Amino acid sequence: MALLEVRDLRLSFGGLKVLQDISFSVEKGAINSLIGPNGAGKTSLFNCLTGFYKPKGGSIRLGGRPIAGLPPHRITALGLARTFQNIRLFKEMSVLENAMSGQHCRSRHGIVSAILHLPSQRREEDMIRGAGMRWLEFVGIAEHAHRLAGGLSYGDQRRLELARALASAPEIILLDEPAAGLNEREKLDLVHLIRRIRDETGVTVLLIEHDMGLVMQVSEKIVVFDYGQKIADGTPEAVRADPKVIEAYLGTED
Amino acid sequence: MSDGARTLPAAAQPPLVRRSHLLPGLAALGCALVLPHFANAYVTEVATTALLYVVLCLGLNIVVGYAGLLDLGYAAFFAVGAYTTGILTSEFGFNFWLTIPVAMAAACLAGVIIGAPTLRLRSDYLAIVTLGFGEIVRIIARNLDITGGASGLVGIERPEILGFKLMQVQHFYYAFLALALLAVFVCLSVERSRMGRAWFYVRYDEDAAAGIGINRVSAKLQAYMMGAVIASVAGCLYAAKMTAISPESFTFNQSLLILLGVVLGGMGRIPGVVLGAILVALLPEVLRGAGTYRPLVTAVALLAIMLFRPNGLWPDKRG
Ligand SMILES: Nc1ncnc2c1ncn2[C@@H]1O[C@H](COP(=O)(O)OP(=O)(O)O)[C@@H](O)[C@H]1O
Ligand SMILES: [Mg+2]
Chain A
169 MALLEVRDLR LSFGGLKVLQ DISFSVEKGA INSLIGPNGA GKTSLFNCLT
219 GFYKPKGGSI RLGGRPIAGL PPHRITALGL ARTFQNIRLF KEMSVLENAM
269 SGQHCRSRHG IVSAILHLPS QRREEDMIRG AGMRWLEFVG IAEHAHRLAG
319 GLSYGDQRRL ELARALASAP EIILLDEPAA GLNEREKLDL VHLIRRIRDE
369 TGVTVLLIEH DMGLVMQVSE KIVVFDYGQK IADGTPEAVR ADPKVIEAYL
419 GTED
Chain B
45 MSDGARTLPA AAQPPLVRRS HLLPGLAALG CALVLPHFAN AYVTEVATTA
95 LLYVVLCLGL NIVVGYAGLL DLGYAAFFAV GAYTTGILTS EFGFNFWLTI
145 PVAMAAACLA GVIIGAPTLR LRSDYLAIVT LGFGEIVRII ARNLDITGGA
195 SGLVGIERPE ILGFKLMQVQ HFYYAFLALA LLAVFVCLSV ERSRMGRAWF
245 YVRYDEDAAA GIGINRVSAK LQAYMMGAVI ASVAGCLYAA KMTAISPESF
295 TFNQSLLILL GVVLGGMGRI PGVVLGAILV ALLPEVLRGA GTYRPLVTAV
345 ALLAIMLFRP NGLWPDKRG
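Protein chains in written order, with my numbering: chain A, 169 to 422; chain B, 45 to 363.
Everything labelled a hint here was simulated from the structure, so no lab data went into it. Any given hint could be a false lead.
Per the computed footprint, the stretches of chain A lying under chain B, defined by three or more beta-carbons under 8 Å from a beta-carbon of chain B, are [unchecked claim]:
(1) 233-241
(2) 255-269
(3) 292-299
(4) 326-339
Listed next, with one range per pair, are the computed distances between beta-carbon atoms [unchecked claim]:
(5) B/89 to A/239: 48 to 54 Å
(6) A/185 to B/160: 19 to 25 Å
(7) A/232 to B/168: 36 to 42 Å
(8) B/59 to A/397: 53 to 59 Å
(9) A/291 to B/81: 40 to 46 Å
(10) B/138 to A/286: 28 to 34 Å
(11) A/232 to B/251: 48 to 54 Å
(12) B/262 to A/253: 23 to 29 Å
(13) B/60 to A/357: 54 to 60 Å
(14) B/87 to A/314: 54 to 60 Å
(15) A/284 to B/70: 20 to 26 Å
All values derive from a computational prediction rather than experimental measurement. We treat Cβ as the ideally placed atom computed from N, Cα and C, and that holds for glycine.
The whole structure should be built from the sequences, with the hints applied where relevant.
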């Protein structure tokens, strides 16, 4: 059974068909990519998977469990985390507090135990803080823990988004254009980091990316979108040789 | 994962009071403790009102400053507390202290009834609904027999502590000081806890918060209810101090004043909010001449702050 299974997913805004009968699956432990010209519907698909958009039809299963239509926080708690195309950090809060946010759905103490300073609440706080620190270390920005997130360099902000998502202890992590705005060196580091996510933590990765070099380098399987439809699905070699893919990319200049 | 040999920033939990705030905080506390010994009854009375506003503003700050919700009817929860104490002591012979848990429960219930349906909607709706709620509570209080109608309740029992009856201005000054300190402690504890952080996440970026696993409706509702509970406890003690309450203590202008205190202080951190509350308490003393124009002055002050000092008079950086 695939970890993530999407079947006949449909989404439209007014008359605009943004996603038409999309089906694909992601195996546990894989690194897969989603590519396609601008406006193809990639981010919209992520928004359906993470509960931000309600699909018109079709099904989404995570580990066999239907998740379509659930609210975002429930889906995250079930093990699907994401980053955003246009970085969405809590800029006014510290880097560590950002990373700690991922642990919210893995902890449970509330207002009353915080007021009473219960020992179990203190322990849980230590656990949340420790996990935040560990993930900052994992992505390599632990030395900035107490700075404001908004003050980080662009590349480090992208890393922090990764740390925050990883801190929610996901089964699968969806990355929306993680290399956008990075220079060549930073892109190499990112490829390395994405591999480490899968190899060292076992988290499955599905990424949207424009940089073809990066996509071909890192993914085992690629799904190609154009105008809300899936036009190809396969290994990097197969996708690269697919006439429909070549046409979509030559036709749109992107 | 790492050998721990590199020196990394400390990951220990931050202390309840930041070291740089410890001395100023203790100095302020010292002044507050000795004030009645040096001040006359009028000044002590004004200072007691200031402490009442400190509690109310700290409570509203949870809603507005932490969770980023605009509440225009906060005085309604203050009224719930005051009327609970008023009715239970004067009509049913309750001991004052027993009315506090009842008031807290009533405030929670009112908070859920107002908050649960509205907090699902975009934030602007909450402002309108809370504005209406504030007016409805006041109008109900004006028209029911049990609340004493427009003239309100009189003869509210004064509380006793271990056989000592709170009577004089000074006694209530210290009672409100204790309540304000409790409110500060509660806010400090919650602010740096899991739920406190969740409020800030929701306030700064609601979608990102939802995407990272935070139930935004539940987080907002908890902030709203906690604010309600704090206002209701302040209401209980207020009723006991005044011994008489009327609907006119819980008007829209009252809600605006409390909001002004929070906004003045910079919506968020505690020292600023305490300062804002004290300024708001002094405002009517300064504005004695303004008479019926007072609500107008309050509103203009609010707008001016939002336009020219959106981070408050004394913004407090997070760190
Ligand atoms: N909330 C929305 N309302 C209306 N149209 C939308 C919305 N979100 C996405 N779209 C439309 O869906 C199409 C696909 O957008 P998107 O998923 O962002 O594409 P991609 O990420 O592949 O570049 C675009 O035509 C876009 O305008
Ligand atoms: Mg996109």
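Results of checking the hints against the structure:
With 3 residues having a beta carbon nearer than 8 Å to a beta carbon of chain B, the stretch 233-241 of chain A meets the requirement of three or more and the stated coverage holds. Closer than 8 Å: that is the beta-carbon criterion, and the stretch 255-269 of chain A has 11 residues meeting it against chain B, so the requirement of 3 holds. Judged by the Cβ-Cβ criterion of 8 Å, the stretch 292-299 of chain A is covered by chain B as claimed, because 6 of its residues qualify and three suffice. Closer than 8 Å: that is the beta-carbon criterion, and the stretch 326-339 of chain A has 3 residues meeting it against chain B, so the requirement of 3 holds.
Between residue 89 of chain B and residue 239 of chain A the beta carbons are some 50 Å apart, a value that agrees with the proposed interval 48 to 54 Å. The given range of 19 to 25 Å is broken by residue 185 of chain A and residue 160 of chain B, whose C-beta atoms sit roughly 36 Å from each other. Range check, residue 232 of chain A to residue 168 of chain B: Cβ separation about 40 Å, and the 36 to 42 Å hint holds. The hinted range of 53 to 59 Å is satisfied by residue 59 of chain B and residue 397 of chain A, whose Cβ atoms lie roughly 57 Å apart.
One distance hint, 40 to 46 Å for the beta-carbon pair residue 291 of chain A and residue 81 of chain B, holds here, with the actual separation near 44 Å. Look at residue 138 of chain B against residue 286 of chain A: about 31 Å separates their beta carbons, and that is inside 28 to 34 Å. In this structure, residue 232 of chain A and residue 251 of chain B break the distance hint of 48 to 54 Å, their C-beta atoms being roughly 28 Å apart. Take residue 262 of chain B and residue 253 of chain A: their Cβ atoms lie about 27 Å apart, and the range 23 to 29 Å holds.
Checked against the given bound of 54 to 60 Å, the beta carbons of residue 60 of chain B and residue 357 of chain A, roughly 39 Å apart, lie outside it. Under the hint 54 to 60 Å, the C-beta atoms of residue 87 of chain B and residue 314 of chain A, about 42 Å apart, miss the expected range. The beta-carbon spacing between residue 284 of chain A and residue 70 of chain B, approximately 24 Å, falls within the hinted interval of 20 to 26 Å.
Against the hints set out earlier in the document, violations occur for numbers 6, 11, 13, 14.
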